[in-house]
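Participant: The lines below spell out each chain.
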Amino acid sequence: MAIDVADERVEQAETTLYRRPRLTYGFWSWITTADHKKIGMMYGYTAFFFFIAGGIEALLLRIQLAGPEGAFLSAAEYNGLFTTHAVTMIFLFVMPISAAFFNYLLPLMIGARDVAFPRMNAVSFWIFLFGGIFIYSSLIFGTSPPPVGGNLPGGAIEPSLLGSIPNSGWFIYAPNSGATYSPGTSIDYAVLGLQILGVASLISAVNFIVTILNMRAKGMRLLRMPVFVWMTLVVALLLLFSLPIIAIALFMLTFDRLFGTLFFVAEAGGDPILWQHLFWLFGHPEVYILILPAMGIVSETLPVFSKKPLFGYPAVVFAGAAIAFLGFGVWAHHMFSSGIPTVAQAAFGLSTMTIAIPTGIKIFNWLGTVWGGRVRLNTPMLFSLGFVALFVIGGLSGVTHAVVPSDWQQTDTYYIVAHFHYVLFGGAIFGLFAGIYYWFPKVTGRMLGEGMGKTHFWLMFIGMNLTFGPMHWLGLQGMVRRTWVYPEEAGLGAGNFVVTVGAFVIALGVLVFMINWVYSKRRGVPAPNDPWDARTLEWTMPSPTPEYNFAVEPTVTSLDDFWYQKYGEDEEGRAVRKPEADQVVDDLIYRNGHPDQEIHLPAPSYFPFFVGLGIMVIAYGIMYHTRPFGIPLLVTGAFLTVGALIAWGSEPLEEVHHDDHHDGPEDGPEAAETEPAMTDGAAG
Amino acid sequence: MAELVGGHGEGAGHHQVTGIDSRKLGMWVFLSSEFLFFGALINNYLLFKGRDFGPGALYPVELYDIPFTSISSFVLLMSSLTMVLAHSALARGDQYQTRTWLFATAFLGVVFVSGQFFEFGEFILHGLKLNINPAASAFYLLTGFHGFHVIIGVLMLMVLGFKSMRTGGLSEAEGLNVELVGLYWHFVDIIWIVIFVLVYLIQ
Amino acid sequence: MAEGAQHHHPQPRQYVQIALVLAVLTAAEVALFYLEDGVEEIGQTLTVPALLILSALKFYLVVAMFMHLRFEKPLLSRFFTSGAVLAGALYLITLATLGAVILF
Chain A
1 MAIDVADERV
11 EQAETTLYRR
21 PRLTYGFWSW
31 ITTADHKKIG
41 MMYGYTAFFF
51 FIAGGIEALL
61 LRIQLAGPEG
71 AFLSAAEYNG
81 LFTTHAVTMI
91 FLFVMPISAA
101 FFNYLLPLMI
111 GARDVAFPRM
121 NAVSFWIFLF
131 GGIFIYSSLI
141 FGTSPPPVGG
151 NLPGGAIEPS
161 LLGSIPNSGW
171 FIYAPNSGAT
181 YSPGTSIDYA
191 VLGLQILGVA
201 SLISAVNFIV
211 TILNMRAKGM
221 RLLRMPVFVW
231 MTLVVALLLL
241 FSLPIIAIAL
251 FMLTFDRLFG
261 TLFFVAEAGG
271 DPILWQHLFW
281 LFGHPEVYIL
291 ILPAMGIVSE
301 TLPVFSKKPL
311 FGYPAVVFAG
321 AAIAFLGFGV
331 WAHHMFSSGI
341 PTVAQAAFGL
351 STMTIAIPTG
361 IKIFNWLGTV
371 WGGRVRLNTP
381 MLFSLGFVAL
391 FVIGGLSGVT
401 HAVVPSDWQQ
411 TDTYYIVAHF
421 HYVLFGGAIF
431 GLFAGIYYWF
441 PKVTGRMLGE
451 GMGKTHFWLM
461 FIGMNLTFGP
471 MHWLGLQGMV
481 RRTWVYPEEA
491 GLGAGNFVVT
501 VGAFVIALGV
511 LVFMINWVYS
521 KRRGVPAPND
531 PWDARTLEWT
541 MPSPTPEYNF
551 AVEPTVTSLD
561 DFWYQKYGED
571 EEGRAVRKPE
581 ADQVVDDLIY
591 RNGHPDQEIH
601 LPAPSYFPFF
611 VGLGIMVIAY
621 GIMYHTRPFG
631 IPLLVTGAFL
641 TVGALIAWGS
651 EPLEEVHHDD
661 HHDGPEDGPE
671 AAETEPAMTD
681 GAAG
Chain B
1001 MAELVGGHGE
1011 GAGHHQVTGI
1021 DSRKLGMWVF
1031 LSSEFLFFGA
1041 LINNYLLFKG
1051 RDFGPGALYP
1061 VELYDIPFTS
1071 ISSFVLLMSS
1081 LTMVLAHSAL
1091 ARGDQYQTRT
1101 WLFATAFLGV
1111 VFVSGQFFEF
1121 GEFILHGLKL
1131 NINPAASAFY
1141 LLTGFHGFHV
1151 IIGVLMLMVL
1161 GFKSMRTGGL
1171 SEAEGLNVEL
1181 VGLYWHFVDI
1191 IWIVIFVLVY
1201 LIQ
Chain C
2001 MAEGAQHHHP
2011 QPRQYVQIAL
2021 VLAVLTAAEV
2031 ALFYLEDGVE
2041 EIGQTLTVPA
2051 LLILSALKFY
2061 LVVAMFMHLR
2071 FEKPLLSRFF
2081 TSGAVLAGAL
2091 YLITLATLGA
2101 VILF
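Residue numbers (this note's numbering), protein chains in the order written: chain A, 1 to 684; chain B, 1001 to 1203; chain C, 2001 to 2104.
With the rest of the complex left out, here is chain A (with noise of 0.2 Å):
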């Protein structure tokens, strides 16, 4: 993974403990890398990877499924597989995926050198790729041995490879995820883990947020940023607000597994019901932390698509930030079935209808930017339409949620699945996709090839209501979720073989996918700067991103400030591109790729690395504090974090000079800031 980098120079404090380290190119510039499309990058592949990771464990999911009483998996191994699909895709997959696109695109499109703070955008990649690894290790290590007293009927579990996984569902849901019902270490790498990814959107949320605050370009008040910096902005304030949450109700479990207490036994007085609330608390602004950043990118894309600026653009920034308000009102809809009070049920029924209204008012918005508009349908387009009309029937079936009645038939049915895979996949999957095919010319400098492009759309378009439509039916047919076999007489099979054939077209499309990626990052058609024709700050520099982003730090004086220097206005109201439209791009990108001053850029350095691997060592050893090695691991973790994070705190803060011209010495060394060595550690 070599990067080409011009000449870089890297100066050195004199006096100093430590050297930062000064690679640009190979291994380890990319661990020490503070760079924020470097850290992009690296979160967009890890995600990628993981992202086949739980497309393969779909996929056996369904091979057992194709039929009535299928024998390709055990019980077990079921179990595993739709707990780790569903971890996977969440919180390995949609959220890194989305922290890519923050990451590569916030500081391009406030005008920005970097976020606020580079290392500690590091140290979030880094824990996050540990986390992951420390979940996922759960295939080698854990164990899910059957409870005393044994097993339901059907639910032997012989050793294997797969059975060992986390297997209590991602909702990992009290009492059945406590020591008693599930001993082994299986439940503790989700709920250690999911601990770990925590800490680490942490990071990254107050990080976002004040970049967002801070760092934005002269001119750039809050309505004028990009709508998906505003929902980069709405996400990280809902990652803020209920991650602590999730944090605490997952030290609770980690307390009652490892260390005995009683907070979900109900038969000592605990309250199983109490988990429920609080995973809910968090796990309902976790749907719209999943789903916003899509929502952000096609309000970028439809409109330049469409050759239109975004049909009301503050509708649909208050809609974004409502609907994150609202969010945090509806968790209970989650727990209809669980026996919560009446007026409850009511409350949160007619609060869940509410999200209706801003949900709306974004459909509407971008049907009004497409409207009348010249659309050209490049495959960005199309995933973005796609995203559009998939998540219209999502939402529509979202709603019927929120009629308590209708939700009690529906509960743990497939049509619950149907509904949460065309929000996510029809939905956040779709407009990922759409932001991938339209800034892959930004990042690599060549352009994705748009026949095998289109190929993929199709084949996710067809695949992917082929899988999910048919289970509409089927839930409301009573197939139950979770379970690993259904009967011949229910007659559910040949819906479920349909479901099966929707699965792998999904899958040949990605592979398609996968295919053009490669080929296109090699020997793809070298991007033009604006090969969109769009309109925000990104695409006023050379493709692919030089190193120091903007040689001249820009100033905004309008909202799509790039759009209206190429286009006006005809009598009727219709853009119309100025004659000089294509000399002020040439300029403008002239001018950002050649820097006439020295321009100082994060320095890299070891140390998030370490912090990250530390702390993934201290979660072995908390799992494992009764056996020998346990305790020492413990410690070496947190030797290794708290040394990493003083040796952070006292690491010269040197930056990376980047000088095409080099016009004489440096006038005097920067203020020599030293950091804290902060932990913030139990938080979150």
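Everything labelled a hint here was simulated from the structure, so no lab data went into it.
The beta carbon of each residue, even a glycine, is placed where N, CA and C say it ideally should be.
Treat each hint with caution, since some may be false.
Said to hold, decoys possible - Calculated pairs, SDA-like style, for lysine to any residue (alpha carbon to alpha carbon, straight line, at most 20 Å): (1) Lys1024(B) <-> His2009(C); (2) Lys1129(B) <-> Pro1055(B); (3) Lys2073(C) <-> Val1017(B); (4) Lys1049(B) <-> Pro272(A); (5) Lys1024(B) <-> Ala2084(C); (6) Lys1049(B) <-> Gly2088(C); (7) Lys1129(B) <-> Tyr1200(B); (8) Lys1049(B) <-> Gly1127(B); (9) Lys307(A) <-> Phe27(A).
As the list claims (entries may be wrong) - Now the stretches of chain B that chain A is said to cover, found in silico as 3 or more residues with beta-carbon under 8 Å: (10) 1027 to 1033; (11) 1046 to 1055.
Given the coordinates of chain A, assemble chains B and C onto it according to the supplied hints.
Facilitator: Only chains B and C this time, still in chain A's reference frame:
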């Protein structure tokens, strides 16, 4: 914790659109999320303290030693005073007083945590173990996590204190760290103000 | 936002005065606690709100004066209040739904 990238010489304010230092803004943003963290713990305790765990069940409230806890609460409250005095001394450029007050704050924090250890020890001697009932579990988790935050704070104060012993003392940039650690410290204090009333005094 | 200026922070003397007020408030809290035990007529209906008000005052004094929130830009108060209010609201509803607090 933070570099201000690109802030080369001219217009340092440009990179801080809000006019608030990024690190300070980050600390406040982080602290506002901590409400949800401690809120969940308090929520657990309030839920379980009223539950009936059968005849003979032992509740934390039966063992509270209010005079003792009042004194340790007072100690933590006064550590907020010494903290703010440290910050104020640094603003005047008085390195000696800064150091004194930093260590005084850390000392008071240690006294508070020792009190908590003592209290836990007493409770356990009286049979209130972590795993005796959910109310006990919730009590220990809440006060334990608060104590853990105090310990983290003490460590950060010590680091700053020792740094100030170098020749020249704390630099201007490190001065911001005193403010940041101070914010964290006061926050841990206000959480205790809430815990003291909701958990100890209102029974 | 009195004066708004960053440089109008209180002086050590004022900090000590604030700490004295905080100490008195804490003493009042503890006194109320014993009053509730000793005098039956007062009971929890009166002491509980009084304790909540006293602790809210302490909370406010530390945040506004020691953490300087009174002298900072409103953005910081907005974040801080959002966190506090959100936590209060969410957990109050949770406790009500679980039957530990009676709201409706």
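Participant: Could you tell me which of the numbered hints above are not met by this structure, giving the numbers in increasing order?
Facilitator: Failing hint: just 9.
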